[in-house]
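J.: What follows is each chain in one-letter form.
There are 2 protein chains.
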Amino acid sequence: MSNGKPEIVIVGGGFGGIKLAKLFAKENVEVTLIDRHNFHLFQPLLYQVSTSVLETGEIAYPIRAFFRDCPNVNLFMAKAQGVDQKRNVVLTNHGEVKYDYLILAAGATTNFFGMKNVEEHAFGMKTLQEAVHIRNHVIHEFERAEKPYRTPEDRKKRMTFVVVGGGPTGVEEAGAITELIEIQKKEFHKLDFNDVSVKLIEATPHLLPMLPEDLQEHTVRVLQKKGVEVMLNTQVVDYDGDVLTLKSGVKIPTTTVIWAAGVRAVDMMSNCGGECARDGRIWIEENLMVRGAVNKNVFAIGDCAAFMHGDMKRPLPTVAPVATQQAKVVYKNIMKLIKGETDLEKFVYKDLGAMATIGRAEAVVGSPTKMTGFLAWCAWMFVHLIRLAGIHTNLTVAIKWTWNLLSGTRLGRIITNIKL
Amino acid sequence: MSNGKPEIVIVGGGFGGIKLAKLFAKENVEVTLIDRHNFHLFQPLLYQVSTSVLETGEIAYPIRAFFRDCPNVNLFMAKAQGVDQKRNVVLTNHGEVKYDYLILAAGATTNFFGMKNVEEHAFGMKTLQEAVHIRNHVIHEFERAEKPYRTPEDRKKRMTFVVVGGGPTGVEEAGAITELIEIQKKEFHKLDFNDVSVKLIEATPHLLPMLPEDLQEHTVRVLQKKGVEVMLNTQVVDYDGDVLTLKSGVKIPTTTVIWAAGVRAVDMMSNCGGECARDGRIWIEENLMVRGAVNKNVFAIGDCAAFMHGDMKRPLPTVAPVATQQAKVVYKNIMKLIKGETDLEKFVYKDLGAMATIGRAEAVVGSPTKMTGFLAWCAWMFVHLIRLAGIHTNLTVAIKWTWNLLSGTRLGRIITNIKL
Numbered sequence: 066m067s068n069g070k071p072e073i074v075i076v077g078g079g080f081g082g083i084k085l086a087k088l089f090a091k092e093n094v095e096v097t098l099i100d101r102h103n104f105h106l107f108q109p110l111l112y113q114v115s116t117s118v119l120e121t122g123e124i125a126y127p128i129r130a131f132f133r134d135c136p137n138v139n140l141f142m143a144k145a146q147g148v149d150q151k152r153n154v155v156l157t158n159h160g161e162v163k164y165d166y167l168i169l170a171a172g173a174t175t176n177f178f179g180m181k182n183v184e185e186h187a188f189g190m191k192t193l194q195e196a197v198h199i200r201n202h203v204i205h206e207f208e209r210a211e212k213p214y215r216t217p218e219d220r221k222k223r224m225t226f227v228v229v230g231g232g233p234t235g236v237e238e239a240g241a242i243t244e245l246i247e248i249q250k251k252e253f254h255k256l257d258f259n260d261v262s263v264k265l266i267e268a269t270p271h272l273l274p275m276l277p278e279d280l281q282e283h284t285v286r287v288l289q290k291k292g293v294e295v296m297l298n299t300q301v302v303d304y305d306g307d308v309l310t311l312k313s314g315v316k317i318p319t320t321t322v323i324w325a326a327g328v329r330a331v332d333m334m335s336n337c338g339g340e341c342a343r344d345g346r347i348w349i350e351e352n353l354m355v356r357g358a359v360n361k362n363v364f365a366i367g368d369c370a371a372f373m374h375g376d377m378k379r380p381l382p383t384v385a386p387v388a389t390q391q392a393k394v395v396y397k398n399i400m401k402l403i404k405g406e407t408d409l410e411k412f413v414y415k416d417l418g419a420m421a422t423i424g425r426a427e428a429v430v431g432s433p434t435k436m437t438g439f440l441a442w443c444a445w446m447f448v449h450l451i452r453l454a455g456i457h458t459n460l461t462v463a464i465k466w467t468w469n470l471l472s473g474t475r476l477g478r479i480i481t482n483i484k485l
Numbered sequence: 066m067s068n069g070k071p072e073i074v075i076v077g078g079g080f081g082g083i084k085l086a087k088l089f090a091k092e093n094v095e096v097t098l099i100d101r102h103n104f105h106l107f108q109p110l111l112y113q114v115s116t117s118v119l120e121t122g123e124i125a126y127p128i129r130a131f132f133r134d135c136p137n138v139n140l141f142m143a144k145a146q147g148v149d150q151k152r153n154v155v156l157t158n159h160g161e162v163k164y165d166y167l168i169l170a171a172g173a174t175t176n177f178f179g180m181k182n183v184e185e186h187a188f189g190m191k192t193l194q195e196a197v198h199i200r201n202h203v204i205h206e207f208e209r210a211e212k213p214y215r216t217p218e219d220r221k222k223r224m225t226f227v228v229v230g231g232g233p234t235g236v237e238e239a240g241a242i243t244e245l246i247e248i249q250k251k252e253f254h255k256l257d258f259n260d261v262s263v264k265l266i267e268a269t270p271h272l273l274p275m276l277p278e279d280l281q282e283h284t285v286r287v288l289q290k291k292g293v294e295v296m297l298n299t300q301v302v303d304y305d306g307d308v309l310t311l312k313s314g315v316k317i318p319t320t321t322v323i324w325a326a327g328v329r330a331v332d333m334m335s336n337c338g339g340e341c342a343r344d345g346r347i348w349i350e351e352n353l354m355v356r357g358a359v360n361k362n363v364f365a366i367g368d369c370a371a372f373m374h375g376d377m378k379r380p381l382p383t384v385a386p387v388a389t390q391q392a393k394v395v396y397k398n399i400m401k402l403i404k405g406e407t408d409l410e411k412f413v414y415k416d417l418g419a420m421a422t423i424g425r426a427e428a429v430v431g432s433p434t435k436m437t438g439f440l441a442w443c444a445w446m447f448v449h450l451i452r453l454a455g456i457h458t459n460l461t462v463a464i465k466w467t468w469n470l471l472s473g474t475r476l477g478r479i480i481t482n483i484k485l
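So the protein lines, in turn, are chains A and B.
So for the first sequence, our numbering puts the first residue at 66; every next one is plus one.
So for the second sequence, our numbering puts the first residue at 66; every next one is plus one.
Among the hints, a few may not be true.
Identical copies look the same in the list; a pair holds intra-copy or inter-copy alike.
As a list, the in silico DSS-like pairs of lysine-lysine whose alpha-carbon atoms are at most 27 Å apart [unchecked claim]:
{"no.": "1", "residue 1": "Lys264", "residue 2": "Lys144"}
{"no.": "2", "residue 1": "Lys181", "residue 2": "Lys435"}
{"no.": "3", "residue 1": "Lys212", "residue 2": "Lys251"}
{"no.": "4", "residue 1": "Lys91", "residue 2": "Lys250"}
{"no.": "5", "residue 1": "Lys163", "residue 2": "Lys212"}
{"no.": "6", "residue 1": "Lys255", "residue 2": "Lys163"}
{"no.": "7", "residue 1": "Lys255", "residue 2": "Lys70"}
{"no.": "8", "residue 1": "Lys484", "residue 2": "Lys163"}
{"no.": "9", "residue 1": "Lys251", "residue 2": "Lys144"}
{"no.": "10", "residue 1": "Lys70", "residue 2": "Lys411"}
Since the hints were derived computationally from the structure, they do not count as laboratory data.
All chains should be modelled from the sequences, with the hints used to inform the complete structure.
T.: Here it is as structure tokens:
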């Protein structure tokens with residue numbers, strides 16, 4: 066305890082962690098938020114950075130800026146590496162951080178399912194750096210392809226963009242790339258755009274598994290109309306940076322594979338003194354406490370936690386609403402423990418439905434009412450816009466999206482990683 | 066010649082190069098613009114990226130976007146390395162580019178005056194990458210300084226920010242850093258801001274040499290009021306990344322030295338078959354042709370060219386108006402040569418005056434009328450805003466500046482180079 070106040074430590078500044086810190090900020094406690102970054106990342110819009118629609122600063126918000134007026138909330142910028150539950154400390158690359166109550170909200174990372182080659186050569190889509198890498202790489206490939214000394218095969222390989230994974234990220238990324246290509250077409254006067262192709266690969270028979278079947282089929286049709294080759298029931302087995310190999314034996318020459326096919330909990334979860342599921346998520350009780358927590362003071366929420374109770378067939382999905390709803394319950398439960406109460410609340414998930422955008426003026430919304438097309442896109446825009454941090458960002462992003470809708474320009478098409 | 070059209074090659078997509086390409090775009094010629102980047106950089110606002118005011122995409126504009134409707138203008142993204150005047154080719158890291166007429170508009174780079182240690186450890190301020198490095202580093206130093214295990218000396222060293230060079234870039238950078246610190250002050254609840262200092266070092270007795278003396282003195286006073294320690298008549302002799310050594314023997318412990326003390330032409334200029342001045346700029350004739358050009362078809366303009374004629378005491382300064390005014394004359398002269406005319410126009414520089422901003426709502430303007438304070442700042446804003454490429458950027462930057470003026474927030478304070 067510092068000044069006799071309970072020390073609340075939160076690992077992770079994602080949707081769950083920020084929500085928690087905001088709730089605890091009003092209480093008579095000290096809050097330390099540990100994150101390897103100094104910003105909160107609005108992950109649902111990463112694909113827009115990777116395709117030159119938005120700038121990094123529009124989806125990344127300084128964590129400390131949320132807590133400017135909360136002197137009891139502090140950021141400890143460090144990479145959390147594990148928890149010593151017996152000693153009540155979080156282990157980080159900047160030393161140990163002591164807690165009275167700990168919430169693990171450390172999130173997820175890309176799951177390459179053990180395929181080391183794919184991990185080495187494909188682009189992940191979970192961090193800001195990865196999104197910027199994709200942007201730099203995709204834009205650069207156009208410049209490289211136009212060079213006069215390229216062979217036709219080399220040119221075609223560089224102009225083949227493959228996205229793996231038919232969830233919202235994959236669908237959004239594939240749609241956004243086709244739109245980026247339409248803009249490049251106007252500006253690369255010497256490049257033959259018949260060489261350009263975009264492929265979306267999905268292992269199961271369906272895109273967007275969380276939506277009803279008619280919306281899944283609608284999504285396939287819209288993507289095909291935009292020029293995406295949708296390959297369902299297709300599994301990737303290898304990628305060496307030049308050739309993508311499918312389970313069927315088919316080989317696709319390509320220099321760009323974007324991997325949006327799976328997530329797993331971040332590595333540290335295996336070192337937190339709990340029991341983890343196959344995808345690395347730590348098992349939690351109905352009150353969100355980590356199963357078997359030594360001192361009954363460690364909780365976990367969101368993408369890094371596996372919650373499955375009653376008649377549930379699988380753990381809750383790794384989506385933001387799970388994390389933010391769980392944050393509220395953890396907050397209440399820790400406040401109860403601080404007050405000496407023991408009747409902890411059980412978490413019940415309220416599914417708010419699912420939506421995905423397929424491109425400019427096109428989206429699918431599953432609930433509360435099914436929508437497609439421009440109206441669905443407006444709904445998607447609105448929902449994401451109001452959740453972005455900061456009025457100023459709301460404003461500039463709204464201007465950019467409107468501008469993009471009307472003029473189809475993308476100003477972010479700059480390559481920033483040229484070695485000088 | 067391609068399709069019988071004269072091949073105009075321009076090296077460099079700065080103010081001069083872009084202006085030239087726009088002029089030639091309307092003619093019956095083929096234009097190839099060579100640049101190592103795919104974007105035009107608005108260098109006067111680099112300091113705003115380095116201090117988290119603006120985003121990279123707001124001062125970098127894709128070169129191809131300027132020439133969307135000009136099929137005769139193409140970008141060749143490559144690093145130009147020299148010119149073989151006898152064979153009429155530009156040498157690049159992506160092969161040779163043949164020309165009928167060549168304009169060198171390759172710009173300048175940082176001049177460390179042979180001090181290798183300084184070059185290795187200080188930050189330059191000429192490229193977008195350098196500005197982002199400064200931003201990442203400065204913001205990160207606050208996070209590092211707040212870590213509980215720091216010694217007081219270590220903390221103070223990290224909180225000492227030194228800018229070297231009293232020209233507009235140095236003055237603007239030092240002013241902008243003090244404002245950044247004011248914002249950090251509100252968000253680092255555990256850091257002692259008495260440890261924080263900003264120093265501006267200038268070798269001569271004056272800041273902003275191109276302005277009248279009363280404005281120079283005004284600038285010193287404004288900077289001091291903002292908390293900048295202005296050190297005139299002060300020369301740097303060494304910097305090892307930890308300690309900056311002055312000629313006087315004084316040592317300043319600091320982890321941040323931003324070098325804005327001099328420029329020189331880019332390295333390739335020494336390999337263009339011309340004669341270069343001490344700062345590497347290639348000497349040009351009054352008609353802007355490179356002195357001694359073998360085939361009378363190679364010109365040079367802007368920061369990479371040294372123009373001195375008649376009763377001039379020193380070559381023209383390395384500022385944008387010189388480059389853009391020279392672009393117009395080179396364009397006319399090459400069109401004359403294409404038509405077989407030989408009476409080339411002589412270049413006469415029209416000095417448009419100088420201005421510099423010292424911070425939020427503070428600037429100095431030297432001519433046509435002397436101004437200081439808010440009015441001067443509005444003039445500075447206006448002049449820079451209208452020169453930014455693209456209406457959309459004008460709009461978002463105007464919003465950002467207004468927001469910044471009113472609320473003093475800086476949203477770009479994110480560290481994007483964390484190793485994952």
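J.: When no copy is named, should lysine 212 and lysine 251 be tagged within, between, both, or neither for a Cα gap of at most 27 Å?
T.: within (17 Å within a copy, 50 Å between copies)
J.: Can you give me the call for lysine 91 and lysine 250, within, between, both or neither, at a CA distance of at most 27 Å?
T.: between (53 Å within a copy, 21 Å between copies)
J.: Up to 27 Å between alpha-carbons, please classify lysine 181 paired with lysine 435: within, between, both or neither.
T.: neither (40 Å within a copy, 65 Å between copies)
J.: Reference check for the pair lysine 484 and lysine 163, CA-CA at most 27 Å: within, between, both, or neither?
T.: between (42 Å within a copy, 25 Å between copies)
J.: Cα distance capped at 27 Å. Does lysine 264 pair with lysine 144 within a copy, between copies, both, or neither?
T.: neither (35 Å within a copy, 32 Å between copies)
J.: Under a CA distance limit of 27 Å, which applies to lysine 70 and lysine 411: within one copy, between copies, both, or neither?
T.: within (26 Å within a copy, 77 Å between copies)
J.: How would you label the pair lysine 251, lysine 144 (within, between, both, or neither) given a Cα cut-off of 27 Å?
T.: between (44 Å within a copy, 24 Å between copies)
J.: Under a CA distance limit of 27 Å, which applies to lysine 255 and lysine 163: within one copy, between copies, both, or neither?
T.: Close across copies (17 Å), not inside one copy (61 Å); limit 27 Å.
J.: Is it within a copy, between copies, both, or neither that the alpha carbon of lysine 255 lies no farther than 27 Å from that of lysine 70?
T.: The answer is between: 16 Å across copies meets 27 Å, while 67 Å in one copy does not.
J.: I want to check one pair: lysine 163 and lysine 212. Are their C-alpha atoms no more than 27 Å apart within a copy, between two copies, both, or neither?
T.: Only across copies: lysine 163 and lysine 212 sit 14 Å apart there, 57 Å inside one copy, limit 27 Å.
Of the numbered hints stated above, those contradicted by the structure are hints 1, 2, listed in ascending order.
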